[in-house]
Amino acid sequence: MSQDSDTSDTNDKHTGASTPGVMVLDDRPERAAMVEASLERAGFRVVSMLSTASGLLHQIEQHKPDVILIDLESPDRDVLESLAIANAHNPTPIVMFSGTDDQDFVSDAMRSGVTAYQSQTLTPDIVRPIIEVAVNQFRYFESMRRELRESEQRLEDQRAIERAKVLVARQLSISSEEAYARLRRISMDKNQRLADVARTALAALHIDEPEQ
Amino acid sequence: MTQSNNNLPAPEVAELDLGYIRLSDSAPLVLAQELGFYEKYQLNVTLHREVSWANLRDKLVVGSLDATQMLAPLPMTTALGAGGLRANLLTGLVLSLNGNGITLSRALADNLAGLGGSPGDAAGTSAALAELLNTQPSLSLTLAAAHSFSCHILQLRLWLRAGGIDPDSRVRIIVLPPEQMVDSLARGIIDGYCVGEPWNTAAVQRGIGTMVTSGFSVWNNLPEKVLGVTDAWHQANPASHLRLRLALMETCQWLAIPENRPQAARALADPQYLDLPERELLPSLCGKLQYQRDGAVMDEPDFHVFGRYQAGFPWRSTARELLDMSMEMLGGSATEAERSAVVQQSYRPDLYRQAARHLGITLPATDNRPAAAHDAPWQMAPGVEMGADLRLAPLKAGGH
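Chains as they are written, first to last, in full-length UniProt numbering: chain S, 1 to 212; chain W, 1 to 400.
Heads up, some of the hints might be wrong.
Unchecked claim - List time: in silico SDA-like cross-link candidates among lysine to any residue, alpha-carbon distance up to 25 Å:
#, chain 1, residue 1, chain 2, residue 2
1, W, Lys59, S, Glu142
2, W, Lys59, S, Asp104
3, W, Lys59, S, Pro124
4, W, Lys59, S, Met110
5, W, Lys59, S, Ala42
6, W, Lys59, S, Ser112
7, W, Lys59, S, Asp102
8, W, Lys59, S, Leu72
9, S, Lys64, W, Asp168
10, S, Lys64, W, Leu330
11, W, Lys59, S, Ser107
12, S, Lys64, W, Gly81
13, W, Lys59, S, Gln158
14, S, Lys64, W, Ile189
15, W, Lys59, S, Ser143
16, W, Lys59, S, Arg28
Simulated from the structure, these hints should not be mistaken for lab results.
Could you build all of it, start to finish, from the sequences and the hints given here?
This is the structure we're talking about:
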């Protein structure tokens, strides 16, 4: 997961000539891994990936990141900022309110859940593409999660309908085709989703949906 | 009781997004919703529980929040760009006074009690801690506060100095999110902390820590949370801002009545707000706290002050003190002129006065209040009741 910076990287960093070292702070390991891979494809260097604040101070001292990417909703942001206040060498919040353009960019990044901290030796044109990579990956991750949720929902709906069909058929001593047709008719008459009608039927029969 | 809405200009925006943190003193923001005071002023408010002060600030600055609960020093330190981010923020209303406590691990607190520092005795516990540190030079303590620019950190430093402990060298002070305090104390990562309620009571009730002093005993009636907005938002929405202050001031008047506090605790406990057990919220809100598990219940009517003692007034003298003390921690990089300008821009008694006149509240004639002069409530002028204003003095001269 984490990748230690080697000696040459550290030396380069002090000359300010090499690619900046990025630390990723994210409690979702899959998303952090996506950000890391994507940054490396774009030629950036991830020095460390952390999931919580424990050891944050130590990690920052050890890896001396130039840029820190952090989930907007991480409670560790105040901790991170306290480190910058205590030591001017630690990355500070990205200076985002200098121009209208920047503000739009930062608002946009925040909406996707990304915030960033940068060392004061870096200029915004170096940091911006790093944030863009993270923003894209956060968005991609969110769309994947949405798709997953939707497909899980479809599967659950299907299970409820199947079970209701069987149990209504048994209860009324009709065929499961006839039970399905009746459920569909109720669905159309009441203008309710078929899965919701199925769940109502299951509840009426005092039968819970199957666990899996 | 109050003047009709007809005397107020129409709100520029009626849909407002407000941010708050999971703390007992977010009561004004939450209860204004529950009691319908936003609605009374034709505001449709959505409350957002946020996980960090950094989030509140950033969302305020980019406009995804219209107004937020904010630590009292933050409008000023942010306007000065301390910590790297500069933005023009202001407050026209203080939401609460006091509300914090200093909690130590039970073992450490027991040690202090053995040295004459009983829980609840601010000066005594500090003196006992100083003695402990003197007799054990190798003892290394880590204490936490909720933010670099907070009353918590200033109260922690005042308390340490009262016993003659140098907060910059003899102990280590770190920042931790309030919600991580109790667990970090239980795991021995820290030895104590200064934080807002219910995170002191939670440690006491769970048998993890002992509260050694209230914030009130360290510094009486210190403004704790303010209503923060950006200067740009205020300029664009003066009428909405006024209505918001009025709704919150009426809520604070309601909260000033002790009999209403249990209802406030019940509302805050709800999963949609703080999502915490009511039993952890009741003690401080009702002013009846236990400093240690199975200990006596202490009467602390001013543990949280809302709507009394001119609590809403953004005193410029206090603002300047908070700013100076915060800058002292930073190594004092702002000039006298910069500090004075920031206090003028960030703390706005004129806005408080504007709202107070609508509610018929008698106003003080000055924007400054005396410091360290009263050990009990007193009258500044007829109808202007003030609270005590003492604070712990540093043991050695030349503190700050």
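Below or equal to 25 Å on CA atoms is what counts here, so check lysine 59 of chain W against alanine 42 of chain S.
-> violated, 29 Å
Below or equal to 25 Å on CA atoms is what counts here, so check lysine 59 of chain W against proline 124 of chain S.
-> holds, 21 Å
Would you mind confirming whether the straight-line C-alpha gap from lysine 59 of chain W to aspartate 102 of chain S stays at or under 25 Å?
-> holds, 15 Å
Assess, step by step, whether the Cα of lysine 59 of chain W is no farther than 25 Å from the Cα of leucine 72 of chain S, and give holds or violated.
-> holds, 10 Å
For the pair supplied as a hint, lysine 59 of chain W and serine 107 of chain S, confirm whether the alpha-carbon distance does not exceed 25 Å.
-> holds, 8 Å
Measure nothing beyond the straight line between the CA atoms of lysine 59 of chain W and glutamate 142 of chain S; if it is 25 Å or shorter, mark the hint as holding.
-> Holds, at roughly 20 Å.
Take the C-alpha atoms of lysine 59 of chain W and serine 112 of chain S, compute the straight-line distance between them, and say whether it is at most 25 Å.
-> Roughly 13 Å separates the two Cα atoms, so the pair holds.
Given pair status - isoleucine 189 of chain W, lysine 64 of chain S, alpha carbons within 25 Å | Judged against 25 Å, a Cα distance of about 23 Å means the pair holds.
Decide if the proposed pair is consistent with the structure: lysine 64 of chain S and glycine 81 of chain W, CA atoms, cutoff 25 Å inclusive.
-> holds, 23 Å
Quick one, are lysine 64 of chain S and aspartate 168 of chain W close enough, alpha carbons at most 25 Å?
-> holds, 24 Å
For the pair supplied as a hint, lysine 64 of chain S and leucine 330 of chain W, confirm whether the alpha-carbon distance does not exceed 25 Å.
-> holds, 21 Å
Decide if the proposed pair is consistent with the structure: lysine 59 of chain W and arginine 28 of chain S, CA atoms, cutoff 25 Å inclusive.
-> It holds: about 22 Å lies between the C-alpha atoms, which stays within 25 Å.
The structure does not agree with the numbered hints 5 and 13 stated previously, though it agrees with the rest.
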